[in-house]
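K.L.:
Given only the sequences and the hints, what does the whole structure look like? Please build it.
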Amino acid sequence: MPLREECLWEKLTPQRPENTALTGEVTVDVCIIGAGFTGLSAAVHLLEQGKRVAVVEAHRAGHGGSGRNVGLVNAGLWIPPDEIEAGFGEAVGSQLNRMLGAAPALVFSLVDKYAIDCQLRREGTLHMAHNARGEADLRSREEQWKRRGAPVELLTGQACADATGTDKIAAALLDRRAGTLNPMAYASGLAKAAQDLGALMFDHSPVTRLERQGQRWSVQTAQGSVTAEQVVIASNAYTEGDWTELRRNFFPGYYYQVASVPLDGEAARRILPGGQGSWDTRQVLSSIRRDKDGRLLLGSLGNGNRKPTWFLKAWADRVQQHYFPYLKAVEWECTWTGCIAFTPDHLMRLFEPAPGLVAVTGYNGRGVTTGTVVGKAFADYLCHGDASALPIPFAPMQPLAGVGLRSCLYEAGFSLYHAGQCLRIVI
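Just so we're aligned, residue 1 is where the sequence shown starts under UniProt numbering, counting upward by one.
Here are the simulated DSSO-like pairs of lysine-lysine, each with C-alpha atoms no more than 27 Å apart in a straight line:
1) Lys328 with Lys313
2) Lys328 with Lys307
3) Lys292 with Lys313
4) Lys11 with Lys113
5) Lys328 with Lys11
6) Lys11 with Lys313
7) Lys313 with Lys168
8) Lys192 with Lys11
9) Lys146 with Lys168
10) Lys292 with Lys328
11) Lys168 with Lys328
12) Lys292 with Lys11
13) Lys168 with Lys292
14) Lys113 with Lys192
Here are the computed distance ranges between Cβ atoms for each label pair:
15) Ala132 with Gln158: 12 to 20 Å
16) Val92 with Gly385: 13 to 21 Å
17) Gln321 with Pro353: 46 to 54 Å
18) Gln283 with Arg424: 13 to 21 Å
19) Ala132 with Gln321: 21 to 29 Å
20) Arg270 with Glu83: 33 to 41 Å
21) Glu143 with Asp293: 33 to 41 Å
22) Gly420 with Asp196: 44 to 52 Å
23) Arg424 with Ser140: 26 to 34 Å
No wet-lab data here; the hints were simulated from the structure. All C-beta atoms, glycine included, are put in the ideal place defined by N, C-alpha and C.
P.N.:
Below, the structure is given as structure tokens:
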């Protein structure tokens, strides 16, 4: 079977909303640029508070990193909670840890409230230690989160082997707050919820200009414009054009995934039998999860669009055979790549470059929950003007130096590591 370049989540979400392009002039309270997790969460929460909202999207809802996500509903950030509080200070750091620790619950509540069919599983996630150093890191994370009352548990021995389906992992941190979903279906469900609440939704409408006109903002596209008192820029890594400085405040990275055909049988059922999604502690990590039809999904950092399909198959075979050698040869069905907004310190940035204009970037690969939380926080802030609703304070825009070079160096490192995996030099 040839490996198709196709996003599995799009295939599994046939009922995606489709809207016409913006034409003419529209006036609302808030204009949102970008129909991903952040923008759609902001739209829903603004509409719930009585605001008139327009959402302007360059492609279709979920097109960017949201719909190409792994679909892990994670709690917290990549960075351990103690380090976050050390970096931000106790007051801000504890607020960020609290809000993102509760982020899966916010996602679950939206799915329940709006009856979103996104194949949600609430059994948690597994962070898997690939060596002794990784296990020590997970033990530290367990202690830090337990100190904050989080329901986490480090699995070892037979309990770990049973939960992961592999004997190549000595320990795995089970986070019961978390879960998995189909990210495109989640984004599509949020878009439908926003539309049902009265949002004006416009697809295929890339922004060409953003300017202040008196006390209002004008968001302009090729065929129309939106006039609004407030604007949310939620395009993140998929920001296009020179109408904003946002794209200079992150450097783009990529994450590819490879999905098998649906797997059945006793051997396949041994892999993550509890339904958790997982990722390992390697610096160039591998993610592992199953979908509702039993497919095995593997992913890693890097741009799969720039790699031949034989390379991606060889990489997927190597990871599968290392962790799950008891499987017979696996047929790989499709592959896709998403873009991630990276920041040097792996922390997001919130911006308010002018009154009534807010923006965010730098989720560093944690978009499902972080985007949902930030969208709600922006909505609450714009409605009430209370900055305590935000997970972190606004920061000044400070364009990064060498954005293109950083991206190239990251991609070169990822590709070299994956080549070493394919050649069985490393795993």
